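> All chains should be modelled from the sequences, with the hints used to inform the complete structure.
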Amino acid sequence: SPTGSARLPPLTNQFPQWSRTTPLAALPQHPCSDGIAGFRRVSKKCGGEVVVGRSEGLLLPSMSADPLLHIAQLEQNIRWLHEQHQLMLSSLHQEVEVLRQRNRDLQFQLVFSKGGITISHSSSDSSPEDKHKFVLSPKECNTRTLQVEMLDREVTELKAALAEANANNSSLNSLVEQQKKQVMALEARAVEADYEAKLEDAERLIRRLRRDNEDQRKEIAALRAAVSKNSSGGGGSGRHS
1 SPTGSARLPP
11 LTNQFPQWSR
21 TTPLAALPQH
31 PCSDGIAGFR
41 RVSKKCGGEV
51 VVGRSEGLLL
61 PSMSADPLLH
71 IAQLEQNIRW
81 LHEQHQLMLS
91 SLHQEVEVLR
101 QRNRDLQFQL
111 VFSKGGITIS
121 HSSSDSSPED
131 KHKFVLSPKE
141 CNTRTLQVEM
151 LDREVTELKA
161 ALAEANANNS
171 SLNSLVEQQK
181 KQVMALEARA
191 VEADYEAKLE
201 DAERLIRRLR
211 RDNEDQRKEI
221 AALRAAVSKN
231 SSGGGGSGRH
241 S
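Quick note on full-length UniProt numbering: the sequence shown kicks off at 1 and runs consecutively.
Hints are supplied without guarantee of correctness; some may be wrong.
[Unchecked claim] The calculated lysine to any residue pairs, modelled on SDA-like cross-linking and capped at a C-alpha distance of 20 Å, are:
no., residue 1, residue 2
1, Lys180, Gln76
2, Lys180, Glu192
3, Lys198, Pro67
4, Lys181, Pro67
5, Lys159, Glu97
6, Lys181, Trp80
7, Lys180, His82
8, Lys198, Leu186
9, Lys159, Ser90
10, Lys181, Ser170
11, Lys180, Ser170
12, Lys159, Leu89
13, Lys159, Arg102
The set of hints was computed from the structure by calculation and includes no laboratory data.
Keep in mind that this is a model prediction, so the values were computed, not measured.
This is the structure:
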(Lines of atoms letter the chains of each structure in order from A; the text may use other names.)
(Lines give C-alpha, C1' and ligand atoms only; values in the text may rest on other atoms or scores of the structure.)
Protein backbone atom coordinates (compact mmCIF):
# COMPACT_ATOMS: atom_id res chain seq x y z
CA SER A 1 0.00 0.00 0.00
CA PRO A 2 1.17 3.68 -0.31
CA THR A 3 1.67 3.86 3.39
CA GLY A 4 3.65 0.66 3.75
CA SER A 5 6.96 2.51 3.28
CA ALA A 6 6.41 4.80 6.26
CA ARG A 7 8.81 3.85 9.01
CA LEU A 8 8.59 5.67 12.32
CA PRO A 9 10.66 5.29 15.50
CA PRO A 10 9.15 2.78 17.93
CA LEU A 11 7.06 4.00 20.84
CA THR A 12 7.56 2.67 24.37
CA ASN A 13 4.91 4.61 26.31
CA GLN A 14 1.17 4.97 25.95
CA PHE A 15 -0.06 8.35 24.78
CA PRO A 16 -3.56 9.83 24.45
CA GLN A 17 -5.43 9.32 21.22
CA TRP A 18 -5.28 12.17 18.72
CA SER A 19 -8.10 12.70 16.30
CA ARG A 20 -7.15 14.59 13.15
CA THR A 21 -9.55 17.52 12.81
CA THR A 22 -7.36 19.85 10.77
CA PRO A 23 -4.35 19.27 8.47
CA LEU A 24 -1.13 18.78 10.35
CA ALA A 25 0.58 22.13 10.69
CA ALA A 26 3.97 22.26 9.05
CA LEU A 27 6.75 22.77 11.52
CA PRO A 28 9.21 25.63 10.95
CA GLN A 29 12.29 24.66 8.99
CA HIS A 30 14.65 26.97 10.83
CA PRO A 31 14.64 27.79 14.54
CA CYS A 32 14.53 31.38 15.73
CA SER A 33 17.65 33.27 16.73
CA ASP A 34 17.49 31.98 20.26
CA GLY A 35 17.26 28.38 19.03
CA ILE A 36 14.11 27.70 21.02
CA ALA A 37 11.10 29.86 20.26
CA GLY A 38 10.87 28.79 16.60
CA PHE A 39 9.80 25.25 17.37
CA ARG A 40 6.21 24.12 17.71
CA ARG A 41 5.15 22.00 20.62
CA VAL A 42 2.55 19.27 21.00
CA SER A 43 0.23 20.02 23.89
CA LYS A 44 -2.62 18.06 25.49
CA LYS A 45 -6.21 19.21 25.18
CA CYS A 46 -9.36 18.30 27.06
CA GLY A 47 -10.95 15.02 25.98
CA GLY A 48 -7.65 13.20 25.38
CA GLU A 49 -6.82 14.97 22.11
CA VAL A 50 -3.31 16.05 21.24
CA VAL A 51 -2.65 19.01 18.96
CA VAL A 52 0.35 20.85 17.63
CA GLY A 53 0.85 24.32 19.13
CA ARG A 54 3.44 26.97 19.83
CA SER A 55 6.24 26.31 22.28
CA GLU A 56 5.36 26.95 25.88
CA GLY A 57 7.02 26.08 29.16
CA LEU A 58 10.57 26.52 27.86
CA LEU A 59 12.67 28.70 30.13
CA LEU A 60 15.05 31.20 28.59
CA PRO A 61 18.56 31.13 30.07
CA SER A 62 18.67 33.41 33.10
CA MET A 63 21.17 36.25 33.21
CA SER A 64 21.59 35.66 36.94
CA ALA A 65 25.11 35.27 38.24
CA ASP A 66 24.07 32.13 40.11
CA PRO A 67 25.40 29.19 38.02
CA LEU A 68 23.26 26.64 39.87
CA LEU A 69 20.07 28.45 38.83
CA HIS A 70 21.28 28.53 35.23
CA ILE A 71 22.06 24.80 35.37
CA ALA A 72 18.58 24.02 36.73
CA GLN A 73 16.95 26.04 33.94
CA LEU A 74 18.97 24.29 31.25
CA GLU A 75 18.14 20.86 32.67
CA GLN A 76 14.44 21.76 32.73
CA ASN A 77 14.67 22.89 29.08
CA ILE A 78 16.30 19.58 28.13
CA ARG A 79 13.52 17.59 29.83
CA TRP A 80 10.89 19.75 28.08
CA LEU A 81 12.46 19.23 24.64
CA HIS A 82 12.54 15.44 25.14
CA GLU A 83 8.88 15.49 26.20
CA GLN A 84 7.84 17.50 23.13
CA HIS A 85 9.86 15.18 20.89
CA GLN A 86 8.02 12.14 22.28
CA LEU A 87 4.61 13.82 21.94
CA MET A 88 5.36 14.81 18.34
CA LEU A 89 6.38 11.27 17.42
CA SER A 90 3.27 9.90 19.13
CA SER A 91 1.03 12.26 17.17
CA LEU A 92 2.66 11.28 13.87
CA HIS A 93 2.36 7.57 14.71
CA GLN A 94 -1.33 7.94 15.46
CA GLU A 95 -1.93 10.00 12.32
CA VAL A 96 -0.25 7.40 10.12
CA GLU A 97 -2.25 4.60 11.74
CA VAL A 98 -5.51 6.48 11.16
CA LEU A 99 -4.65 7.01 7.49
CA ARG A 100 -3.62 3.39 7.07
CA GLN A 101 -6.91 2.24 8.53
CA ARG A 102 -8.86 4.60 6.28
CA ASN A 103 -6.92 3.37 3.27
CA ARG A 104 -7.72 -0.25 4.14
CA ASP A 105 -11.38 0.62 4.64
CA LEU A 106 -11.59 2.37 1.29
CA GLN A 107 -9.87 -0.47 -0.52
CA PHE A 108 -12.22 -2.94 1.13
CA GLN A 109 -15.23 -0.83 0.13
CA LEU A 110 -13.82 -0.51 -3.36
CA VAL A 111 -13.88 -4.29 -3.75
CA PHE A 112 -16.96 -5.22 -1.72
CA SER A 113 -19.20 -2.19 -2.10
CA LYS A 114 -22.84 -3.28 -2.00
CA GLY A 115 -24.18 -0.45 -4.10
CA GLY A 116 -21.82 -0.80 -7.04
CA ILE A 117 -21.06 -4.54 -7.19
CA THR A 118 -23.23 -7.23 -8.73
CA ILE A 119 -22.56 -10.95 -8.67
CA SER A 120 -23.12 -12.91 -11.86
CA HIS A 121 -23.27 -16.70 -11.81
CA SER A 122 -21.96 -18.47 -14.90
CA SER A 123 -23.06 -21.81 -16.23
CA SER A 124 -22.04 -25.05 -14.55
CA ASP A 125 -19.61 -25.97 -17.31
CA SER A 126 -17.52 -22.82 -16.87
CA SER A 127 -14.21 -22.82 -15.09
CA PRO A 128 -14.15 -22.39 -11.27
CA GLU A 129 -12.41 -19.02 -11.67
CA ASP A 130 -15.34 -17.61 -13.71
CA LYS A 131 -18.19 -18.84 -11.51
CA HIS A 132 -18.34 -15.57 -9.50
CA LYS A 133 -17.52 -12.24 -11.12
CA PHE A 134 -17.69 -8.88 -9.37
CA VAL A 135 -18.75 -6.06 -11.64
CA LEU A 136 -18.22 -2.47 -10.38
CA SER A 137 -20.34 0.32 -11.83
CA PRO A 138 -18.36 3.16 -13.50
CA LYS A 139 -19.81 5.80 -11.16
CA GLU A 140 -18.90 3.82 -8.05
CA CYS A 141 -15.46 3.07 -9.46
CA ASN A 142 -14.77 6.76 -10.13
CA THR A 143 -15.93 7.73 -6.64
CA ARG A 144 -13.80 5.13 -4.91
CA THR A 145 -10.80 5.92 -7.08
CA LEU A 146 -11.10 9.60 -6.22
CA GLN A 147 -11.29 8.78 -2.53
CA VAL A 148 -8.20 6.59 -2.76
CA GLU A 149 -6.33 9.33 -4.63
CA MET A 150 -7.29 11.88 -1.99
CA LEU A 151 -6.12 9.54 0.74
CA ASP A 152 -2.84 8.89 -1.08
CA ARG A 153 -2.32 12.64 -1.40
CA GLU A 154 -2.98 13.06 2.30
CA VAL A 155 -0.50 10.30 3.11
CA THR A 156 2.10 12.02 0.91
CA GLU A 157 1.56 15.30 2.74
CA LEU A 158 1.91 13.51 6.06
CA LYS A 159 5.17 11.92 4.92
CA ALA A 160 6.48 15.35 3.97
CA ALA A 161 5.43 16.69 7.38
CA LEU A 162 7.14 13.72 9.03
CA ALA A 163 10.37 14.35 7.12
CA GLU A 164 10.23 18.00 8.16
CA ALA A 165 9.57 16.96 11.76
CA ASN A 166 12.58 14.64 11.65
CA ALA A 167 14.72 17.53 10.40
CA ASN A 168 13.45 19.71 13.23
CA ASN A 169 14.10 16.86 15.67
CA SER A 170 17.70 16.85 14.50
CA SER A 171 17.85 20.56 15.28
CA LEU A 172 16.30 19.87 18.69
CA ASN A 173 18.86 17.16 19.37
CA SER A 174 21.65 19.55 18.41
CA LEU A 175 20.19 22.17 20.75
CA VAL A 176 19.95 19.61 23.55
CA GLU A 177 23.60 18.66 23.07
CA GLN A 178 24.62 22.32 23.19
CA GLN A 179 22.68 22.84 26.40
CA LYS A 180 24.24 19.71 27.90
CA LYS A 181 27.68 21.13 27.12
CA GLN A 182 26.65 24.43 28.72
CA VAL A 183 25.46 22.56 31.81
CA MET A 184 28.76 20.69 32.05
CA ALA A 185 30.73 23.93 31.62
CA LEU A 186 28.65 25.68 34.28
CA GLU A 187 29.05 22.76 36.67
CA ALA A 188 32.82 22.80 36.15
CA ARG A 189 32.84 26.57 36.67
CA ALA A 190 30.79 26.23 39.84
CA VAL A 191 33.16 23.57 41.20
CA GLU A 192 36.15 25.73 40.34
CA ALA A 193 34.59 28.75 42.05
CA ASP A 194 33.88 26.61 45.10
CA TYR A 195 37.49 25.45 45.21
CA GLU A 196 38.73 29.02 44.89
CA ALA A 197 36.50 30.13 47.76
CA LYS A 198 37.75 27.27 49.93
CA LEU A 199 41.35 28.11 49.03
CA GLU A 200 40.85 31.75 50.03
CA ASP A 201 39.33 30.65 53.34
CA ALA A 202 42.27 28.33 53.97
CA GLU A 203 44.77 31.10 53.19
CA ARG A 204 43.01 33.49 55.57
CA LEU A 205 43.03 30.81 58.26
CA ILE A 206 46.76 30.20 57.74
CA ARG A 207 47.53 33.93 58.00
CA ARG A 208 45.49 34.22 61.20
CA LEU A 209 47.21 31.17 62.71
CA ARG A 210 50.60 32.63 61.83
CA ARG A 211 49.70 35.89 63.56
CA ASP A 212 48.49 33.98 66.60
CA ASN A 213 51.68 31.93 66.61
CA GLU A 214 53.81 35.06 66.38
CA ASP A 215 51.90 36.68 69.23
CA GLN A 216 52.31 33.57 71.36
CA ARG A 217 56.03 33.47 70.55
CA LYS A 218 56.43 37.09 71.66
CA GLU A 219 54.45 36.39 74.82
CA ILE A 220 56.63 33.37 75.64
CA ALA A 221 59.79 35.42 75.06
CA ALA A 222 58.48 38.14 77.41
CA LEU A 223 57.65 35.57 80.07
CA ARG A 224 61.10 34.02 79.78
CA ALA A 225 62.71 37.44 80.13
CA ALA A 226 60.61 38.18 83.23
CA VAL A 227 61.48 34.80 84.76
CA SER A 228 65.17 35.32 84.02
CA LYS A 229 65.06 38.80 85.55
CA ASN A 230 63.35 37.52 88.67
CA SER A 231 65.84 34.68 88.97
CA SER A 232 68.82 36.99 88.68
CA GLY A 233 67.28 39.43 91.19
CA GLY A 234 66.64 36.67 93.74
CA GLY A 235 70.20 35.33 93.45
CA GLY A 236 71.72 38.77 94.11
CA SER A 237 69.69 39.38 97.26
CA GLY A 238 70.73 35.97 98.61
CA ARG A 239 74.43 36.79 98.26
CA HIS A 240 74.03 40.10 100.13
CA SER A 241 72.46 38.35 103.08
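> Which earlier hints turn out false for this structure, listed by number in ascending order?
none
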